[in-house]
Amino acid sequence: MQYPSKLIEDAVTEISRLPGIGKKTALRLALHLLKEEESTTGSLSEALINLRQKTKYCKMCHVISDSEDCTCQSIRKDGSIICVVEDTPDVIAIQNTSQFYGYFHVLGGIISPIEGIGPNELHIDSLIDRVKNSDGEIKEVILALSTTMEGDTTCFYIAKKLKPFNVKITTIARGIPIGGELEYTDEITLGRSIVQRLRYDLEGD
Amino acid sequence: MHLENLYLANFKNYKEANIDFSKYVNALVGNNGSGKTNLLDAIHFLSMTKSAFNSMDSQSILHNQPFYSIIGKFHQLEKEIAVSNSLTVGKRKKISVDKNPINKAADLIGRFPTVLIAPSDHELISAGGETRRRFIDSIISQFNKTYLIQLIDYNHALKQRNRLLKQFSESGKIDRDILEPYDSILLSLGNNICNMRASFCKKYLSKIVKHYAFLADEKETIGLLYHSSFLQDNYKDVYLTSLQKDIILQRTNIGIHKDDYIFEMDGYPLKKFGSQGQQKSFLIALKLAQFDIIQQEKGFKPILLMDDIFDKLDDHRIQKLTEMIEHHEFGQVFITDARPERTHHFLKKLNIEWKIIAVDNGNLTPQKAS
Numbered sequence: 001m002q003y004p005s006k007l008i009e010d011a012v013t014e015i016s017r018l019p020g021i022g023k024k025t026a027l028r029l030a031l032h033l034l035k036e037e038e039s040t041t042g043s044l045s046e047a048l049i050n051l052r053q054k055t056k057y058c059k060m061c062h063v064i065s066d067s068e069d070c071t072c073q074s075i076r077k078d079g080s081i082i083c084v085v086e087d088t089p090d091v092i093a094i095q096n097t098s099q100f101y102g103y104f105h106v107l108g109g110i111i112s113p114i115e116g117i118g119p120n121e122l123h124i125d126s127l128i129d130r131v132k133n134s135d136g137e138i139k140e141v142i143l144a145l146s147t148t149m150e151g152d153t154t155c156f157y158i159a160k161k162l163k164p165f166n167v168k169i170t171t172i173a174r175g176i177p178i179g180g181e182l183e184y185t186d187e188i189t190l191g192r193s194i195v196q197r198l199r200y201d202l203e204g205d
Numbered sequence: 206m207h208l209e210n211l212y213l214a215n216f217k218n219y220k221e222a223n224i225d226f227s228k229y230v231n232a233l234v235g236n237n238g239s240g241k242t243n244l245l246d247a248i249h250f251l252s253m254t255k256s257a258f259n260s261m262d263s264q265s266i267l268h269n270q271p272f273y274s275i276i277g278k279f280h281q282l283e284k285e286i287a288v289s290n291s292l293t294v295g296k297r298k299k300i301s302v303d304k305n306p307i308n309k310a311a312d313l314i315g316r317f318p319t320v321l322i323a324p325s326d327h328e329l330i331s332a333g334g335e336t337r338r339r340f341i342d343s344i345i346s347q348f349n350k351t352y353l354i355q356l357i358d359y360n361h362a363l364k365q366r367n368r369l370l371k372q373f374s375e376s377g378k379i380d381r382d383i384l385e386p387y388d389s390i391l392l393s394l395g396n397n398i399c400n401m402r403a404s405f406c407k408k409y410l411s412k413i414v415k416h417y418a419f420l421a422d423e424k425e426t427i428g429l430l431y432h433s434s435f436l437q438d439n440y441k442d443v444y445l446t447s448l449q450k451d452i453i454l455q456r457t458n459i460g461i462h463k464d465d466y467i468f469e470m471d472g473y474p475l476k477k478f479g480s481q482g483q484q485k486s487f488l489i490a491l492k493l494a495q496f497d498i499i500q501q502e503k504g505f506k507p508i509l510l511m512d513d514i515f516d517k518l519d520d521h522r523i524q525k526l527t528e529m530i531e532h533h534e535f536g537q538v539f540i541t542d543a544r545p546e547r548t549h550h551f552l553k554k555l556n557i558e559w560k561i562i563a564v565d566n567g568n569l570t571p572q573k574a575s
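Chain order of the listed sequences is A and B. Counted from 1, the first sequence has number 123 at position 123 by this note's numbering; the numbering is strictly sequential. Just so we're on the same page, this note's numbering is the position in the second sequence counted from 1, plus 205.
Watch out, some of these pointers could steer you wrong.
[Claimed, not checked] No more than 20 Å apart at the CA atoms, straight line, and that leaves these computed lysine to aspartate or glutamate pairs for DMTMM-like:
1) A:LYS59 <-> A:ASP87
2) B:LYS371 <-> A:GLU121
3) A:LYS163 <-> B:ASP388
[As the list claims (entries may be wrong)] Stretches of chain B that chain A covers, calculated by requiring three or more beta carbons in the stretch to come under 8 Å of a beta carbon on chain A:
4) 355-366
5) 378-387
Just so you know, these hints were derived from the structure itself, not from any lab. These numbers were taken from a predicted model, which means no experiment stands behind them. All C-beta atoms, glycine included, are put in the ideal place defined by N, C-alpha and C.
Extracted from the complex, chain A is given alone in its bound form (with noise of 0.2 Å):
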């Protein structure tokens, strides 16, 4: 593409190496923003500049968040079970549902050979030294991973790392989404939701 202006030109190639952002996207984006007032380009600038360097990461957890000790130390949640994932969206997603009160645990990724992420590049020792440290009072060790063979490794791994201490590891279920039909559910999930198939108890009993 030919641009009238080699300033253009810059902001464009930066803007594009965003990710699901082509150079048209990005010429609009550039171009847009000469439209709009100066200040706004300087609070976007800020913001972005801020986010790169005052961003932290909880020394426990390794959640993003505004202080290296975050909210996960103050609110009172329930110390003994602790949540794996493996990014901080995960975090937010799981936090929604409303129905998890305990610990999380940013991994930061999943084991991958091929992309070169093996475990010395996610916080899995420290999961093990949290683990270690609590005195037995970590009861509960929830693995939320991906359904993926990279999900699964990992997970194998981690039970692997855990298994000299006394704390219960246990996976998210994986099944029949809620409101599904069962024909348009695909045949591996529905596969392992009848060999995992759950006791249908009447309420009361």
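Got chain A sorted already, so can you dock chain B onto it with the hints?
For chain B alone, kept in the frame of chain A given last:
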């Protein structure tokens, strides 16, 4: 099931072509290089999503054109179904069935099955194990989706494990805990795949034997031996004790990705001891047995594509194939031939509907029909 109509645009040497086919025998006649095999390949594209001969999709586009498009109208269960396969330079290949996009090859493979008999089949005997594995895998995948999915997963885990071995070898540090999940996937999926391959081979062999006996006058004993390290009772130990070697070589040495199938005649390898004629009969029997299995599993007849078969077979075997066509053992058949008079001579003896289509430099002209 049969193919009623085929539309091609910028596909290989076809600028644009549109042709109706007979429900039974279609003979494509024309000089070498006129586009007969390309037409069979177009049908293969509709059936298997890709070329039978060339793995580079972009090379199927007519020179200096921006795209190719293949649209076939199949007749299946009293309904007409349009399958389309097209590629624009620099984009992803688009496949659709009745305008519904198909994103995974596994969702199309097996719906419009074909069996191709081509001169290149000889590689099944002469080439390495990978060619035979791919051939057997493609047959089983056409009727067993679980097999296909497990095979894809196995290969994915294998790639991950091989990368780990490479990292171990480079760093000199071995972490068995991280290796273990891949071992357990490869062992359990490998065992499933091995069992499915073994039971398939048993079924397949009985059909090959039947067809070979019909095609050839000689009465040799045909064998199909399935070789797999996973057939041994102690395959787990064999796999696990190979770790040191795996690390040195930076790849997994034991597993179903090393399987092979040995074709035998009277107890000796066909590759070394079979005559040209015996090998040819065997290859045709292999393909006809594939036809039988797909028909049995699917409940209908696949389309039979026979490329240059007259040049490869003697009169006796051609006579045998003719008998099978006449006894309606096949459904729709496509035959290519460079010599029109020979084809015509062959067809006029048939008491079944046929159609001759002249192929000339990417142009298709219907000629005689019965």
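How the hints compare with the structure:
1. A distance of roughly 15 Å separates the Cα atoms of A:LYS59 and A:ASP87; the hinted pair therefore holds under the 20 Å criterion.
2. This hinted pair checks out: B:LYS371 and A:GLU121 have alpha carbons roughly 17 Å apart, not beyond 20 Å.
3. In summary, the hint linking A:LYS163 to B:ASP388 is supported, as the alpha carbons are separated by about 19 Å, within the 20 Å threshold.
4. Counting residues of the stretch 355-366 of chain B whose beta carbon lies closer than 8 Å to any beta carbon of chain A gives 6, which reaches the threshold of three, so the coverage claim holds.
5. Here's how the stretch 378-387 of chain B fares: 6 of its residues keep a CB closer than 8 Å to some CB of chain A, so the rule of at least three is met and the hint holds.
Hint violations for this structure: none, all hints satisfied.
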